[in-house]
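J.: One-letter residues, chain by chain:
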Amino acid sequence: MKNKIVLLLILFVNLVMADSSELTLTVYNEDLALIEDKRQINLQKGKNHIEFIDVSPLIRPETVSLKADGITILEQNFDFDLLTPEKLMEKSVNQEIRIVRVNPGNGNQVTEKAKVLSVNQGAILDINGQIEILRADSIPTRVIFDKIPSNLRSKPTLSIDVLSKKDGLEAMTLSYLSTGITWKSDYVALFDEKNKSMDIQGWLTLTNKTGISFSDIKLQVIAGEIYLSDSEDEFEKNYKQKKSNAVFYAGDQQKSELLDYYIYKIPNRTTIENNQSKQIGFMEMASVKSEKFYSYESSDFSSRTDSEPVEVGVKFVNGYTDKYGFALPAGIIRVYIRDVRGNPTFIGESSINHTPVGAEVFVRTGQAFDVLAKSTLVSEEQSGSKIKYVVEYEFYNARSHSVEVLFNQENYHGRQKIIDYNLPPKTTHADLTSWVVPIGAKEKFVLKFTAVVEKNKK
Amino acid sequence: MKLILNYILLFSVLVSNLVFSETVSVAANEKELTIYRDETYGSFYELGEDGVEDAGLAMVTEYRDIQLYQGENLILLKDIVDGIIPQTLNMNDIENSLQESNFTYNLLTPSDLLFHSLNQPVLLVRTNPKTGKIANIPAIIRSTSETVLLEIDGKLEPLGCNGYKEKLVFSKIPTGLVESPELRLRLQAKETRKVRIKLSYLVAGIQWKANYTAILNFSKKTFNLSAWVTVLNSRSSSFHNASIQVVAGRLETQWATIPPELEKAIANTDCWPVLLHKKKSYSEEDEVEEIIVTGIRASLTKPEELDDYKLYVFPHKTDLTAKQTKQIMILNNSDIPFKLEYEYLFAFEEILSDDESEKLRFAYANLVTENLEKNNLGVPVPAGEILFYEKVNNASILINHDYPGEVKDAPYGALIKWGLAQDKRITIYREYSKQEGTDDNPIVTLEFLIENKLSEAIVLTIKQYDYYGSYKVKKIKYANAKVLKEDGLYSWKVHLPSHSKTRFKAKIELTENQY
Chain A
1 MKNKIVLLLI LFVNLVMADS SELTLTVYNE DLALIEDKRQ INLQKGKNHI EFIDVSPLIR
61 PETVSLKADG ITILEQNFDF DLLTPEKLME KSVNQEIRIV RVNPGNGNQV TEKAKVLSVN
121 QGAILDINGQ IEILRADSIP TRVIFDKIPS NLRSKPTLSI DVLSKKDGLE AMTLSYLSTG
181 ITWKSDYVAL FDEKNKSMDI QGWLTLTNKT GISFSDIKLQ VIAGEIYLSD SEDEFEKNYK
241 QKKSNAVFYA GDQQKSELLD YYIYKIPNRT TIENNQSKQI GFMEMASVKS EKFYSYESSD
301 FSSRTDSEPV EVGVKFVNGY TDKYGFALPA GIIRVYIRDV RGNPTFIGES SINHTPVGAE
361 VFVRTGQAFD VLAKSTLVSE EQSGSKIKYV VEYEFYNARS HSVEVLFNQE NYHGRQKIID
421 YNLPPKTTHA DLTSWVVPIG AKEKFVLKFT AVVEKNKK
Chain B
1001 MKLILNYILL FSVLVSNLVF SETVSVAANE KELTIYRDET YGSFYELGED GVEDAGLAMV
1061 TEYRDIQLYQ GENLILLKDI VDGIIPQTLN MNDIENSLQE SNFTYNLLTP SDLLFHSLNQ
1121 PVLLVRTNPK TGKIANIPAI IRSTSETVLL EIDGKLEPLG CNGYKEKLVF SKIPTGLVES
1181 PELRLRLQAK ETRKVRIKLS YLVAGIQWKA NYTAILNFSK KTFNLSAWVT VLNSRSSSFH
1241 NASIQVVAGR LETQWATIPP ELEKAIANTD CWPVLLHKKK SYSEEDEVEE IIVTGIRASL
1301 TKPEELDDYK LYVFPHKTDL TAKQTKQIMI LNNSDIPFKL EYEYLFAFEE ILSDDESEKL
1361 RFAYANLVTE NLEKNNLGVP VPAGEILFYE KVNNASILIN HDYPGEVKDA PYGALIKWGL
1421 AQDKRITIYR EYSKQEGTDD NPIVTLEFLI ENKLSEAIVL TIKQYDYYGS YKVKKIKYAN
1481 AKVLKEDGLY SWKVHLPSHS KTRFKAKIEL TENQY
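Protein chains in written order, with the working numbering: chain A, 1 to 458; chain B, 1001 to 1515.
What the hints contain is simulated information worked out from the structure, not anything from laboratory work. Values in this document were obtained by computation on a predicted structure and should not be read as measured data. Idealized CB from N, CA, C, for every residue including glycine. Don't take each hint at face value.
Calculated pairs, DMTMM-like style, for lysine to aspartate or glutamate (alpha carbon to alpha carbon, straight line, at most 25 Å) [unchecked claim]:
1) Lys1463/B to Glu381/A
2) Lys1475/B to Glu381/A
3) Lys165/A to Asp69/A
4) Lys374/A to Glu1370/B
5) Lys184/A to Glu1304/B
6) Lys448/A to Glu297/A
7) Lys184/A to Glu1100/B
8) Lys1463/B to Asp69/A
9) Lys91/A to Glu1151/B
10) Lys444/A to Glu1072/B
A few chain B residues that face chain A, going by a derived Cβ cut-off under 10 Å, partial list only [unchecked claim]:
11) Ala1139
12) Ile1141
13) Pro1382
14) Glu1385
Start from the sequences, fold in the hints, and give me the full structure.
T.: Structure follows, in structure tokens:
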């Protein structure tokens, strides 16, 4: 029977300890996090001074909010006047301290009382009526202070004075914003060129450089731009206006919409230590239809002395309507392909912005070793406000199979009209014309066209 | 019933107190290294405090034998390559799924030992500087902001401000500090068994480049070309018996793909006034000695295709130790025909100068060939640096001794053009120059006397150099040579017969350059 009681007690104590403090972290993209700390605090009826010594050192004190039933907040303080020797000395001006001097000749120690007269780029003391600069003689001298001044802290400390109606345990929620915690997305994409498909995994990368660790927390991250304001009211307004919109599921993760933001909730509690980078898987898409692309851009009409490699990458559409459908938070996509031995090998990475469902994503991975482009301005004639350019672009493909290059001719100087071409453009706009240029294996293709540009009026 | 109740209670306690035990993987059983070029810099250079040791990118693939248990597993991986970029960790394993990884770099340093011992008891060991007498004094660390403050017998004293020889002795290492960065994985396993897991991650600080040696025979107008892949490991991690391959091509990378910054605050244990400063740890100031050994009679490594890049695989597993360079040969071709193309680059500011010493210039020679099999080449030529030698009476004389030439990626069939050196047999003397017009809109008349002392006719390209100079060309009023415009700059082709002198004349209207 005794054993059972002991075991029951152990279980009960664990349960109480488990409920003593509950942390929720909501992390934004912009090096900002909302920390909500729910805890039980023992209060006395009347005025109470509560110190929170384990808050983030990078707290934004003006965002602190304490909520509890049955209490009135009198005052909030954030003390960051830290305990240093210089501060100690400054607080001791006009007060007495003790100094212990060691005779360099015989090693004897002598203790004396001294009054601190001033501390400006050095301490000046009154020792038995004689005015001295502390340690000007470089003789070993210990300085001893009797106590720590009340408003100096060894660490930045948040304290709140409250008025409680009764004695006893009170549940409270302390919330505040802090910098020092960031999150971003990192994606791993394995591209299969032959089957035109890609497997994509998404990881949340959380980095904590606040100076403290957060143990056993509930975590959610928010994707989207937020308006940063020094006003707490602005933040509260943005945070509280929740829309109960559709929730999309991908694996175990949830996504819900909050205004123009997306929330990604991590289902299990987790711990993030100080100086730690944590990756948590949050999404997975298999066999996404994707294709390689080659592209080359020109923003003027001029000759180049040397050929340039064209850009290469992978493109895909985010989300199928019936299978996956959620926005991709901004981050970096790293693309891998299998080498001849079947090993996934990194071939390049690009940043993506917050990408809604249905958007086409272009991930540039690098420059093609074997596909080059070179421009030649054949002639340039001006007539009034119009200039006629005759241009050639020589594309060379050293690969063992044919390729297509998406070529964009932009013009920043005015509206352009393309005439006299040997390959019809794919799209034509006032300031951008695109071609899909086919080039056979180990062959060249010379694209020729004439552009008439009407210069922008100043 | 009582027995069942006992077991239920026992089970509940155990479950509520259960801490997942951690599996420790001491080292990788096998490692593979795929190394990419660093496009930022042309050559390996000094490691210093600017983060240069982070130049370059490599993909490390590790194979580790680990005992897994059905369900959730926590695995601590030791011996991770330093310079790891933790957000690039990838585990392709369909059997076991990686749920979370944690990279902790809360390092055990003297500063962190102090910072994390706040309000803890320590022993102050004080030595009298004259008598040498040692006193062991119990103390409590009360502050580590800027300088350490100790509480001794209820009083406060700064540490190290008194001229004594003092040190602190700690009884334990604070929790949470690690001797080296740690990587932990949370893995979900389908069954209990020993498996070999495969991980890959990117690291900074490992790179490669191609080094070329060309030995020119000017009479035959051919050259012999050998090329080496030189790998540099500037990290303090070594790779033993590793498979190594290098990727030739320009990858797109992002600035955020870098290792975490290990900034440390240094606790000052000196006297007042005090300063708090941060410096990066792991910065070293060793200079990498660029000893590029380009010998012969090495087996050749031919390139493979890797999507739109080229892959050179080291023929055998090998060791790549910390702070080491290593080479394999990738090219050794002979009798490649070449031509020389000459150019003279000038800046308008320069030619308007009256300084006599600036009037005489020499043409610059570029070596040109085509990357084709008929030219004894026809292979991918990856970017790197090249040294040119001239064969003279069985001796090789280095031509470009000031700095190596640049080689760009050149696929099969591409035109190759490499800067060689000044050729003093072709001189350009500025006989006349005159400026008219206004300062904003000058009109320049110039005359160059060009002499070709070669026994062959050549074409000299005179080219405007200063795309970002003060002036740009508004109009060519007159020139006695054919004018071209390439890369936005004007150039003229001047034909020079052998052993001849020719005058180049031009009148050019300039305008202020607003780029």
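J.: Now, for every hint given, state plainly whether the structure supports it.
T.: Tested hints:
Using a Cα cut-off of 25 Å, the hinted pair Lys1463/B and Glu381/A holds, with the two alpha carbons roughly 22 Å apart. As the CA atoms of Lys1475/B and Glu381/A are separated by approximately 13 Å, the hinted pair is consistent with the 25 Å bound. Distance hint between Lys165/A and Asp69/A is fulfilled; the C-alpha atoms sit about 10 Å from each other, no more than 25 Å. Of the supplied pair hints, the one linking Lys374/A and Glu1370/B holds, its CA atoms being roughly 16 Å apart against a limit of 25 Å.
Simply put, Lys184/A and Glu1304/B have alpha-carbon atoms about 35 Å apart, too far for the 25 Å limit, and the pair is violated. In summary, the hint linking Lys448/A to Glu297/A is supported, as the alpha carbons are separated by about 15 Å, within the 25 Å threshold. Restraint check for Lys184/A and Glu1100/B: satisfied, since their Cα atoms lie roughly 15 Å apart, inside the 25 Å limit. At roughly 81 Å between alpha-carbon atoms, Lys1463/B and Asp69/A are farther apart than 25 Å, so this suggested pair is violated.
A hinted pair counts as satisfied when its Cα atoms are at most 25 Å apart, and Lys91/A with Glu1151/B qualifies at roughly 17 Å. As the CA atoms of Lys444/A and Glu1072/B are separated by approximately 56 Å, the hinted pair breaks the 25 Å bound. Violation of the interface hint for Ala1139/B is found here, the shortest Cβ-Cβ separation to chain A being roughly 12 Å, above the 10 Å cut-off. Restraint check, Ile1141/B versus chain A: the minimum CB separation of about 9 Å is within 10 Å; hint holds.
Look at Pro1382/B: its Cβ gets to within about 8 Å of chain A, closer than 10 Å, so that hint holds up. This hint is violated: Glu1385/B has a C-beta 18 Å from the nearest C-beta of chain A, more than the 10 Å allowed.
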